[in-house]
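Chemist: Using the sequences and the accompanying hints, generate a full structural model.
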Amino acid sequence: MDYLHYTRTKHYIKMKANLLLTICLMLLATISKAQEVAYQEYNLDNGLHVILHQDNAAPVVTTSVMYHVGAKDENENKTGFAHFFEHLLFEGTANIERGEWFKIVSSNGGQNNANTTQDRTYYYEVFTSNNLELGLWLESERLMHPVINQIGVDTQKEVVQEERRMRYDNSPYGRWQEQMGINLYKKHPYRWQTIGSLEHLASASLEDFKNFNKTYYVPNNAVLVVAGDIDIATTKKMINDYFGPIPRGEKIQRKTITEDPIAQTIKASYKDPNIQIPAIFAGYRTPKNTDREAYVLDMISTYLSSGKSSKLYKKLVDEEKKAVQVFAFNISQEDYGSYVIGALPLGENSLQDLLNEIDEEIVKLQTDLISEKDYQKIQNKFENQFVNSNSSIAGIANSLARYYLLYDNTDLINSEIEIYRSVTREEIKNVANKYLNPNQRVELQYLPGESTGK
Amino acid sequence: MKKHIALSLTILFFGLSLHAQIDRSHAPKPGPAPEINLKDPQRFEMKNGLKVMVVEDHKLPKVSVQLLIDNPPILEGQKAGVSSLTASLLGKGSTSISMDDFNEEVDYLGASINFGSQSAFANSLSKYFPRIFELMADAALNPNFTQVEFDKEKAKLLTNLKSQEKDVSAISNRVQSSLAYGKDHPYGEFVTEQSVINVTLEDVKQFYTDYFVPANAYLVIIGDVNFKDTKELVETHFTPWTKAVPPSFQFSRPSNALYTQINFVDVPNAVQSEVAVENLVNLKMADDDYLSALMANRILGGGAQGRLFQNLREDKAYTYGAYSGMGNDKYAPASFSASASVRNAVTDSTIVEILGEIDKIIKEPVSEEELKNAKATYIGNFVLALERPETMARYAINMETENLPKDFYKTYLERINAITIEDVQRAAEKYFTVANARVVVTGKGSDVLENLENITFNDKPLQVKYFDKFANPVAKPNYETALPEGVNVNTVLNKYIETIGGKEKLESVASLAMMAEGEMQGMKLNLELKKTSKDQFMQDIKVMGNSMTKQVLNGNQGYIIMQGQRKEMSDEEIKKVKDESMLFPELRYLDSDVSLESIEDIDGKKAYKIKVSEEKYMFYEVETGLLAQVVTSTEMGGQTMTSTISYSDYQEISGIQFPFTISQTMGPQKLDFAVKEMKVNKGISDTDFE
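Chains as they are written, first to last, in the numbering used here: chain A, 317 to 770; chain B, 128 to 817.
Do not rely on the hints blindly, as some may be mistaken.
Derived DSSO-like pairs (lysine-lysine); straight-line CA-CA distance at most 30 Å [as the list claims (entries may be wrong)]:
| # | chain 1 | residue 1 | chain 2 | residue 2 |
| --- | --- | --- | --- | --- |
| 1 | B | Lys622 | B | Lys702 |
| 2 | A | Lys627 | A | Lys473 |
| 3 | B | Lys206 | B | Lys254 |
| 4 | A | Lys624 | B | Lys622 |
| 5 | A | Lys689 | B | Lys206 |
| 6 | A | Lys473 | B | Lys293 |
Which stretches of chain A does chain B cover? Using the computed rule of at least three CB atoms under 8 Å from a CB of chain B, they are [as the list claims (entries may be wrong)]:
| # | segment |
| --- | --- |
| 7 | 686-693 |
| 8 | 721-734 |
Where chain B lies over chain A, by a calculated footprint (3+ residues, C-beta under 8 Å) [said to hold, decoys possible]:
| # | segment |
| --- | --- |
| 9 | 387-399 |
| 10 | 435-446 |
| 11 | 500-508 |
| 12 | 584-595 |
| 13 | 738-748 |
Since the hints were made in silico from the structure, they are not lab data.
Here a beta-carbon is modelled for each residue, glycine too, at the ideal position from N, C-alpha and C.
Modeler: Put into structure tokens, the structure is as follows:
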């Protein structure tokens with residue numbers, strides 16, 4: 317969920333056959349890091365964690381803050397708060413009047429945005445390096461004394477409703493993730509989406525929002541990253557000046573919610589009025605992001621569906637011509653992950669048929685070791701991703717914040733590739749046997765037709 | 128004032144104790160502007176016309192390469208889709224390497240190679256670059272077009288087209304460009320099912336031969352390479368590319384609408400309306416007022432601080448975002464459009480607000496602050512873009528293809544800074560219009576049309592014209608579903624009862640037995656259904672002779688057998704099956720609490736919709752009076768499943784009309800049953816319900 321969403325479609329672009337591309341690009345994003353990224357990290361007295369990365373190649377600086385609060389921290393009767401907050405915290409601060417935030421950024425030639433996931437909320441600005449202080453001021457203002465008032469709440473409530481309509485209700489295949497979440501999780505907050513319930517938001521009071529801010533938007537629940545064309549000593553001093561005076565908040569109590577294992581196939585279906593071609597999704601609940609097995613599943617996902625020579629693409633799309641598209645996502649999250657394989661049938665092929673074909677490949681993975689050559693191919697793909705993931709300063713800043721906050725290991729920016737390198741073919745087989753069985757999954761039939769259910 | 132003092136004191140306090148004193152009450156001033164460095168790529172031209180640019184960047188061990196053919200726009204006409212199919216068929220190996228081997232090797236090296244109809248793109252680690260480059264060149268110059276792959280890609284394209292049929296934003300985009308340019312213009316035409324069917328493999332080959340030629344081609348290599356080796360590599364692999372020029376054509380010149388009007392497209396599934404106000408602009412990058420036009424657009428709707436966003440989102444909260452965009456094009460008029468996706472109820476207000484903002488920026492000078500901010504954004508973006516080595520290459524290509532002066536980018540910042548308020552207004556007057564704009568609205572007509580027809584702008588009503596999803600003019604949609612005078616739930620039910628045999632006849636029936644045959648995924652199904660007037664019901668579905676599910680009800684007891692497992696029915700299930708077991712439920716519906724809802728279209732025929740319960744609706748054809756459809760929804764594991772049963776092919780048995788074709792649709796499953804036997808008052812004994 318971004319604060320802003322830019323999609324200007326050029327009118328003269330002809331209709332392109334890019335079905336579901338959005339879905340494919342959306343996830344599976346974060347793998348691993350390139351050449352040694354040098355950084356230093358420390359804590360301020362108020363608990364704010366700071367990470368600095370210096371790279372003077374271009375006159376660009378990113379200032380960003382990641383807060384350890386996402387949809388999973390929400391009360392089940394007040395869903396959508398974390399994402400709503402992301403909107404609210406652009407409404408102004410004690411020193412920034414309502415409506416001025418974007419003017420300040422753009423009048424200084426900068427770019428900014430924010431986004432929320434199940435686990436965290438992220439805000440960032442990119443400026444030319446002579447505006448480093450401005451970026452620090454903006455983020456410290458947001459943390460120190462945001463203005464949370466009725467007019468901001470009322471406006472953003474409606475904006476978020478339109479965001480939901482655009483992304484979910486008016487968008488083809490817009491609700492598969494939501495439907496998968498509902499079925500994959502019974503107790504854990506991962507069962508709802510970051511956009512949350514419009515009813516919950518509508519009934520939330522100003523006091524509710526103020527309490528949420530007081531609990532989660534505190535320096536001891538955040539990491540500040542400054543990356544790019546900076547001088548370390550000057551930057552440290554500025555950070556101390558702007559963030560130092562912000563008082564520490566109370567320690568956050570987090571609940572551990574454990575799901576019962578899925579022992580029997582959960583069959584679900586959903587009708588989407590915006591589509592004509594049905595889709596089948598098979599979703600498995602997988603271990604948390606720091607677990608070695610989550611990395612193994614990343615490799616399995618690549619093996620099965622990344623690239624034209626991947627097993628599922630080659631078989632279903634190229635050879636048997638049963639599917640228009642096959643895709644898989646390994647969604648890594650703090651408490652649980654999910655691994656979802658999906659396909660869209662070509663012509664008259666049935667969803668069950670596609671599922672059978674997918675299962676056949678999984679069974680092979682569970683029975684035999686993958687070939688040495690396929691193993692090397694996966695490694696090459698991860699190396700390529702590792703190199704590419706450090707192409708921009710803004711990307712490095714995001715990775716540093718994420719590895720610190722969600723993996724508790726900033727050094728993964730340089731060392732995560734080693735984890736993939738150390739995974740063996742035997743482990744791939746074992747993990748496939750442990751997690752990818754039909755009785756452990758949700759089978760979601762995503763169908764054309766009048767919308768069913770909420 | 129008071130607040131201000133309190134704040135300063137707080138800061139002072141902290142300043143003394145821990146932190147340096149800073150003034151947080153104002154945004155810090157920027158330091159001195161950083162120096163920027165515009166490097167030119169290294170370049171050379173080949174004898175066949177291919178222009179090559181190399182940007183060395185050794186920060187990461189990777190290389191990307193882009194081949195771009197800057198041909199004039201192409202009208203595909205009756206074969207729209209040929210370019211898309213050409214793109215799909217390129218990169219499937221070459222005449223000397225099979226598709227499987229090609230894909231396998233590219234994937235194995237962790238790289239990627241993609242093709243457009245007149246472009247190619249690859250990226251890889253620098254250590255594998257020479258091989259990836261060779262593979263890309265081979266696939267580009269010696270494509271492997273086969274009938275098998277062609278048929279497959281065609282089927283995929285058709286499926287993809289189908290998948291977009293109900294996509295509100297895809298429909299909106301298609302109609303916008305088609306109405307702006309006309310369907311006989313390359314920018315206005317679009318791909319349809321028929322046009323894809325028209326394309327043959329020969330057409331693809333011809334398209335490739337005509338347009339995949341080096342006359343207007345640029346090859347850009349960026350990354351961890353050195354110029355000398357790269358030049359050799361390019362010469363080795365691109366020398367065989369035969370020199371040729373693409374055919375060129377003239378097109379009709381599109382023009383703006385004669386007067387500002389609303390063009391409405393009805394999409395019943397829309398929960399938001401796509402509103403776009405568009406007009407054509409004759410704007411090229413090389414034009415003197417190009418940058419002024421960018422400023423005007425920026426201030427109007429170029430981002431979150433644009434007037435459109437501030438008005439429609441921040442002030443009115445109609446939308447998640449409202450923006451405007453303006454293209455530039457050296458071959459044909461480009462388009463300007465201001466748009467937003469808004470909730471249905473505010474569709475009309477949105478149109479008025481967008482037109483109002485366009486009118487205002489044409490008539491009134493923008494403020495100094497707005498211009499200053501717009502300039503700052505462009506300057507900032509220009510500098511920030513320098514982080515990416517691709518930027519240098521893009522600038523170099525623009526200089527060539529857009530015919531720009533040599534110092535276009537060197538003086539870019541200077542020229543931005545020199546733009547005045549008057550320049551912006553002149554550009555707004557020239558490029559925006561409220562007199563000849565087209566307001567394309569794509570949305571749910573039954574919700575929004577009424578208000579749309581009453582819009583006035585600058586005291587003049589806006590005419591509404593109607594179009595279908597493919598930009599064809601159509602009549603105004605009719606949502607009248609008013610029930611005719613004198614029709615009520617009893618007249619509908621009575622007509623049905625009369626039509627199938629009459630009340631007396633139906634009341635004389637004590638039992639019914641039906642045998643039917645169906646097919647599902649190649650398997651033969653047999654359905655046996657028996658019911659009596661004494662709350663007895665039996666339904667058995669057999670697959671290839673084996674019972675798959677069986678339901679039996681006898682008075683107040685019942686059970687279900689599913690794949691061999693027997694389960695007693697719950698009270699609720701018993702109640703439901705009892706309802707099903709009624710021989711002619713319409714007899715009981717008379718004078719009950721069922722209600723007549725509306726007239727709806729069922730498979731092209733008008734039908735009365737009767738609500739039996741929240742979960743069950745029945746449809747009776749207006750013309751014949753016969754039952755056409757029953758729609759029921761059931762809750763299953765938290766999901767609501769809708770089942771539709773359609774009845775047709777009525778035939779008379781023992782003086783009563785029964786449907787002989789019954790099809791059930793549930794999710795993706797469609798089950799067609801043909802009734803083989805229908806028995807009235809015979810063929811049933813009490814043992815059937817044990």
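Chemist: So, for every hint listed, does it hold in this structure?
Modeler: Outcome of the hint check:
1. Simply put, Lys622 (chain B) and Lys702 (chain B) have alpha-carbon atoms about 28 Å apart, close enough for the 30 Å limit, and the pair holds.
2. Annotation: proposed proximity of Lys627 (chain A) to Lys473 (chain A) is violated, straight-line Cα distance about 45 Å (limit 30 Å).
3. For the given pair, Lys206 (chain B) sits about 42 Å from Lys254 (chain B) by alpha-carbon distance, which is inconsistent with the 30 Å threshold.
4. Our distance criterion of 30 Å between C-alpha atoms is broken by Lys624 (chain A) and Lys622 (chain B), whose separation comes to about 61 Å.
5. At most 30 Å may separate the alpha-carbon atoms for a hinted pair to count; Lys689 (chain A) and Lys206 (chain B) exceed this at roughly 42 Å.
6. With a C-alpha separation of about 28 Å, the suggested pair Lys473 (chain A) and Lys293 (chain B) falls inside the 30 Å cut-off, and the hint holds.
7. Restraint check on the segment 686-693 of chain A versus chain B: 3 residues with Cβ-Cβ distances below 8 Å, three needed, restraint holds.
8. Three residues within the 8 Å Cβ limit are the bar, and the segment 721-734 of chain A against chain B gives 0, so the coverage statement is violated.
9. With 0 residues having a beta carbon nearer than 8 Å to a beta carbon of chain B, the segment 387-399 of chain A misses the requirement of three or more and the stated coverage is violated.
10. Check on the segment 435-446 of chain A: 5 of its residues sit with their Cβ under 8 Å from a Cβ of chain B, so the three-residue criterion for coverage holds.
11. Counting residues of the segment 500-508 of chain A whose CB falls under 8 Å from any CB of chain B gives 0; the rule of at least 3 is not met.
12. Counting residues of the segment 584-595 of chain A whose CB falls under 8 Å from any CB of chain B gives 10; the rule of at least 3 is met.
13. Coverage of the segment 738-748 of chain A by chain B is violated [criterion: at least 3 residues with CB-CB distance below 8 Å; count 0].
Hint violations for this structure: numbers 2, 3, 4, 5, 8, 9, 11, 13, all remaining hints satisfied.
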